[in-house]
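Residue numbers (the numbering used here), protein chains in the order written: chain A, 1 to 394; chain B, 1 to 72.
Errors might be hidden in some of the hints.
[What the hints assert, rightly or not] Each computed DSBU-like pair below joins lysine-lysine, with the alpha-carbon atoms no more than 30 Å apart: (1) Lys28(B) / Lys345(A); (2) Lys33(B) / Lys38(A); (3) Lys158(A) / Lys34(B); (4) Lys33(B) / Lys345(A); (5) Lys95(A) / Lys33(B); (6) Lys28(B) / Lys158(A); (7) Lys365(A) / Lys158(A); (8) Lys34(B) / Lys365(A); (9) Lys365(A) / Lys28(B); (10) Lys28(B) / Lys38(A); (11) Lys33(B) / Lys365(A); (12) Lys28(B) / Lys208(A); (13) Lys393(A) / Lys95(A); (14) Lys115(A) / Lys28(B); (15) Lys208(A) / Lys33(B); (16) Lys33(B) / Lys158(A).
Since the hints were derived computationally from the structure, they do not count as laboratory data.
Predicted, not measured: the structure shown is a model, and the values here were computed from it.
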Amino acid sequence: MSKKLLKSLNIAALALPAIASQASTIVDSVELGVRYTKYQEDSMSAADVSTGSLDRYDIDVMQFSFVAPLTDNIQLNLHYQEEDLSGASPWFTTKNADGEVVEVMSGATIEENRKDVIAQLTYAGSNFSVSGLVGISRENDYEANSFGTAVSYELPGKLTTIALAGDISFDKINPTPYEASNGTNTRVTDEEKESWSLHLSTSHVVNKSLIAQVGVGAINREGYLSDPYKLVNVPGTGLSGDSRPDTRFATTASGRIRYFIDSIDSAIHFDYRYYNDDWGINSHTFDIAEYFNIGYGFQLVPSLRYYTQSEAFFYENYYEQQRADGYYATDSRLSSFGAITLGLKVNWQTEHWFWTAGYQRYTSKNSYSLFDYSAESLSLVSFSMFTVGVDYKF
Amino acid sequence: MLNSIKITLFCIFALSLSACSHVQPWEKGNLAKKEMAWEPDAMQATVDAQAYASKESSRGGYGSAGGGCGCN
């Protein structure tokens with residue numbers, strides 16, 4: 001198997017120039033920031049893999065940020081991100097000689113690079129803000145051009161802010177060709193995907209230590225939504241391309257709280273998100289973090305995240321029968337599972353500098369799910385992320 | 001339809017929060033602290049959201065969902 005024979009589009013998922021629906025204020029001086037993140041997935045268990053590499057993704061992420069006030073009312077945000085990925089990816093499931101379902105991995109190390117630029121302009125008045133955003137992401141097999149906008153309005157009294165954000169993205173997908181034994185390319189070419197999203201939120205200052213936000217959103221995706229690098233063992237047909245519906249509509253509802261506790265000089269964060277889409281995915285996400293100020297400008301931030309989702313209506317770990325609708329996917333990300341993330345971060349802030357270093361550990365299992373699941377997925381991932389960074393404010 | 005009803009009720013509850021507070025501008029010192037922002041570290045939040053969106057089947061929720069996602 002050649003080095004670039006099997007690549008995943010997963011890294012392209014690291015391109016989400018989302019635009020937040022919240023009130024904007026103009027910074028009073030130029031701010032520069034840089035972050036380095038090491039993302040490393042655990043290896044597959046040898047007992048679960050039929051053939052191919054056990055090593056999964058290892059990604060180096062560099063981020064650069066530039067924020068500047070252009071006038072008293074206008075702010076420019078620039079963000080550049082570059083990622084280098086290497087590793088192997090689950091390809092398809094099959095059965096071994098004992099009749100057990102096992103995973104076939106891509107055989108060689110995948111090498112991939114992605115570059116992403118986001119530019120945003122914001123105009124802020126006394127009680128409102130308007131912003132526009134352009135995002136460009138490039139890989140050799142995936143291009144995305146996205147545009148976003150957001151408006152926010154502070155109600156009289158300046159305790160409540162209503163915000164609306166939206167974006168649209170045009171993606172082009174050109175997977176690396178895969179030559180079958182007869183020399184023909186079995187992968188799709190020149191596929192396209194379009195997506196848009198809207199998000200409406202309201203934030204409210206409840207008291208001098210508590211602010212709360214709730215929001216609702218809609219996300220629509222159309223076009224090629226399958227994974228061109230995955231295959232499925234279809235009964236009676238053999239190995240076929242991953243096949244999913246070409247539309248997907250989702251709604252979200254969320255709530256967030258920030259509460260400052262004077263007695264221990266710390267801020268507690270609580271976030272909840274509900275997600276539902278017409279592929280049958282329902283999910284709940286809970287995030288909690290506490291920012292402890294421990295003196296001399298240092299801050300300790302432990303965090304806990306719990307995520308759980310139901311499985312897509314067409315997902316199977318291994319298909320025993322043909323489906324009437326023709327949809328097939330054994331991608332574990334469509335299974336019912338739960339995930340727990342534990343994190344710890346240390347921040348140090350002075351008048352001009354902000355230093356940060358953090359570690360997160362993500363573990364996912366079918367047994368962590370609050371929803372029923374049909375079978376254990378073999379390729380659910382666990383990973384570690386280590387981030388260091390610094391900001392300078394002039 | 002059931003989800004829409006839930007979301008609507010959720011919004012009504014949310015908006016009802018706005019009717020009962022009296023915080024003066026000079027009392028907003030704690031609220032202005034960096035650690036009280038929705039995302040105190042926007043770059044870290046971006047990487048986190050991207051990692052989760054690539055390994056899970058959900059996205060968005062706290063703003064627009066963003067483009068350029070090839071996480072099929």
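Do the hints match the structure? See the list:
1. Lys28(B) / Lys345(A): 26 Å, holds
2. Lys33(B) / Lys38(A): Distance of about 29 Å is within 30 Å: holds.
3. Lys158(A) / Lys34(B): Roughly 19 Å separates the two Cα atoms, so the pair holds.
4. Lys33(B) / Lys345(A): Holds, at roughly 18 Å.
5. Lys95(A) / Lys33(B): 56 Å, violated
6. Lys28(B) / Lys158(A): Given that 30 Å is the threshold and the Cα spacing comes to 11 Å, the pair holds.
7. Lys365(A) / Lys158(A): At roughly 44 Å apart (the allowed maximum being 30 Å), Lys158(A) and Lys365(A) break the hint.
8. Lys34(B) / Lys365(A): 35 Å, violated
9. Lys365(A) / Lys28(B): Roughly 43 Å between the alpha carbons, so the hint for Lys365(A) and Lys28(B) is violated.
10. Lys28(B) / Lys38(A): Violated. Lys28(B) to Lys38(A) sits at ~37 Å, over the 30 Å cutoff.
11. Lys33(B) / Lys365(A): 37 Å, violated
12. Lys28(B) / Lys208(A): 6 Å, holds
13. Lys393(A) / Lys95(A): At roughly 57 Å apart (the allowed maximum being 30 Å), Lys95(A) and Lys393(A) break the hint.
14. Lys115(A) / Lys28(B): 40 Å, violated
15. Lys208(A) / Lys33(B): Roughly 12 Å between the alpha carbons, so the hint for Lys208(A) and Lys33(B) holds.
16. Lys33(B) / Lys158(A): Answer holds: Lys33(B) to Lys158(A) is near 17 Å, not above 30 Å.
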